[in-house]
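Colleague: Whenever a hint applies, use it, and build me the whole structure from the sequences.
Top to bottom, those sequences are chains A and B.
Quick note: the first sequence uses full-length UniProt numbering, first residue 1, plus one each step.
Quick note: the second sequence uses full-length UniProt numbering, first residue 1, plus one each step.
What the hints contain is simulated information worked out from the structure, not anything from laboratory work.
You can take every hint at face value.
Chain B is nowhere near these chain A residues, computed Cβ spacing over 10 Å in every case:
#1 Q132
#2 D192
#3 V304
#4 S437
#5 A454
Covered by chain A, per the in silico footprint, the following chain B stretches (three or more residues, Cβ under 8 Å):
#6 150-160
#7 235-243
Virtual Cβ for every residue (Gly too), placed ideally from N, Cα, C.
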Amino acid sequence: MTNRHSVLRRTVPLGAVVLCGAMLAACSGAGGGSAGGGSGSHSINVLMVNNPQMLDLQKLTAANFTKTTGIKVNFTVLPENDVRDKITQDFSSQAGQYDVATISNYETPFYAKNGWLAPLTTLADGDTAFDQSDILPSIAKSLTVNGQIYAEPFYGESSFLMYRKDVFAAKGLTMPANPTWDQVAALAAKADGAESGMKGICLRGQPGWGELIAPLTTVVNTMGGTWFNADWSAQLTGAGFTKATDFYVGLVRAHGEAGAPQAGFTECLNDMEQSKVAMWYDATSAAGSLEGAGSPVAGKIGYVPAPVEQTKSSGWLYTWAWGVQKASKHQSDAWKFISWASSKQYEDLVGAQLSWSQVPAGKRTSTYSNPDYLKSAGAFAAATKTALTSADPADPGVQPRPAPGIQFVGIPEFEDLGTQVSQQISSAIAGQTSVASALKASQALAAKVGAKYAGQ
Amino acid sequence: MTATAAVGRPAAVRPAKARRNRENRNRSLLGLLAWLCGLVFFLPFAWMVLTSLHSESSAATNPPSLGASLTLQGYREFFGATTGVSPWPPLINSLTASIGSTVLVLLLAIPAAYALSIKPVRKWTDVMFFFLSTKMLPVVAGLLPLYLIAKYAGMLDDIWLLVILYTSMNLPIAVWMMRSFLAEVPKEIMEAAAIDGAGLLVTLRRIVAPVAAPGIAATALIAFIFSWNELLYAEVLTGVVAGTAPVFLTSFVTSQGLFLAKVCAAAVCISLPVLIAGFAAQDKLVQGLSLGAVK
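Modeller: Below you can see the structure in the form of structure tokens.
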């Protein structure tokens with residue numbers, strides 16, 4: 001007995017060490033694929049945001065793209081803020097870990113100017129099957145810098161107003177074909193309480209430059225305001241910006257969704273699906289979910305252009321696009337992947353294998369004449385196309401702008417600035433501060449950023 | 001006399017009984033408080049498990065729907081039912097980084113602690129302070145230099161980089177913990193061993209290790225948990241190949257759509273190895289915690 005114990009005492013620790021060693025040896029590089037920008041002969045590393053359209057792509061790649069081309073695609077999928085940080089880190093140092101990354105029309109201009117992206121014009125021109133001329137002009141323009149294409153869109157979106165047709169009919173309300181914000185405010189007041197627990201409108205109140213700031217800036221644009229004048233002087237306490245913010249905060253506080261200071265895209269989507277709001281002003285990509293299988297409000301929603309005041313249109317423009325890192329050693333394979341993921345054929349593949357409401361739309365003219373797509377997306381396809389074609393990032397308001405962008409200002413500092421300003425305005429929505437003092441604090445922040453550019 | 005005695009006895013007994021009652025009541029109250037504290041700590045985990053078993057729409061309702069029907073969809077999503085992405089590579093990466101760094105930490109911390117407690121080197125208090133001072137720099141402050149070093153050394157997205165980093169991050173704490181555990185080893189046993197002719201290695205293996213085993217287990221578990229849960233370095237320094245489980249967990253968070261149930265399911269699955277390690281080492285851990293540093 002004692003002998004057995006002493007043998008055990010001696011062998012167990014030894015065995016444990018050997019086992020650990022074996023595991024470590026076996027486990028190294030568990031992720032498969034290869035580091036350093038897909039250093040294998042035919043593999044690429046792709047870094048992307050984890051929106052539903054990207055997850056569909058991840059699912060379809062191996063059985064379709066890899067099968068036909070032999071190029072293995074290693075995906076890294078992260079939430080939006082994390083993915084931006086990681087892309088900035090990898091691309092700014094040109095570390096070359098990733099060949100392709102999802103960037104938006106916000107980053108593309110300054111990434112291109114910093115020399116972090118490989119130009120794609122020659123590759124796109126040489127690939128007739130890709131059909132560059134089919135890309136919606138507004139989207140293509142937002143990804144082109146100095147005549148060179150630096151990214152190709154995966155899907156695009158604008159913003160529009162969604163409303164419950166059945167609720168409006170029951171209350172005898174009529175939505176104008178091109179509503180103004182005053183009309184929308186009046187309708188929100190009337191629709192408030194139309195059903196038990198239903199509020200008039202959902203508008204984002206969650207802090208974040210990509211949350212509250214996006215819809216608010218489109219209201220600012222159409223009400224005559226701007227973040228900066230052409231000479232980079234900050235205008236957050238200007239008449240237009242103040243009027244728009246007062247209007248936005250007042251409307252949310254009076255007839256907006258419950259828990260507005262924490263409500264972003266996801267929360268409003270939930271509220272709309274659960275009949276907790278009668279209207280919602282947000283991204284056109286929301287319509288796919290609202291009309292999708294399993295949605296309790298499918299077929300009950302009407303879509304009209306973004307409400308306006310002083311401008312003809314006011315919808316935003318946003319696209320998640322593929323950019324290729326300049327340091328990538330697999331640019332040809334990277335283009336093959338982009339050319340497949342952003343193609344008409346990929347849209348058909350999603351339609352056939354998943355569902356037409358899941359198609360990454362909003363980038364190609366041909367999508368809006370595809371009968372299969374129109375059969376499923378007929379309710380919102382025309383409104384989406386109109387919104388996308390009427391958006392002009394170079395001239396979104398009533399005055400000249402120093403940098404492109406509708407719902408953002410196309411400078412790297414805007415992420416921080418927008419988020420800090422959004423925290424102030426979200427506090428005003430929560431009733432913790434007044435709009436005037438929120439904007440006064442925001443003006444000081446914006447003035448610092450403006451001063452940096454004014455001298456250049 | 002009898003009457004006096006009869007009256008006096010209960011008077012003497014009563015305070016003793018009352019004291020006993022009071023003690024009993026205090027003990028029950030303390031017991032209740034301990035259970036309440038335990039419950040407070042356990043509730044978030046129970047809530048996470050419950051949410052992981054709900055559908056996405058039930059998980060997102062406000063107020064929460066406790067009685068909603070249960071489903072394993074969140075767990076199916078974690079195991080790649082929708083995307084086809086397997087959770088095993090990141091889990092194996094986490095195991096590699098955690099076990100590898102814990103083994104290295106113990107191999108380095110035990111001799112270091114021996115030299116600081118049983119046979120203290122000159123100025124051992126300064127050495128202890130030096131060890132601790134390495135923990136005073138905020139982790140994020142070292143991020144950029146480490147990223148650049150890793151980039152130029154070609155070690156970005158390499159699990160061995162995390163093994164080295166986690167070892168260096170956990171070593172100071174492990175040395176401090178092990179020092180206080182080893183300080184509890186009676187000097188007489190060491191002297192007796194020395195008289196019997198035991199050398200350093202034999203003393204460490206035959207005398208110190210068995211006595212300090214609970215302390216070693218506690219230190220190993222702490223080092224394992226810290227490595228397993230580390231997110232910042234893992235997220236920045238890994239990519240396609242070496243991503244760890246916490247990085248994989250964040251990939252379920254999305255700004256478009258509901259994700260609470262699958263994130264909870266992923267969090268439950270990813271917590272399991274730590275829980276299993278904790279339960280396995282429970283006895284030793286309790287002994288260890290009452291033996292040394294946290295006494």
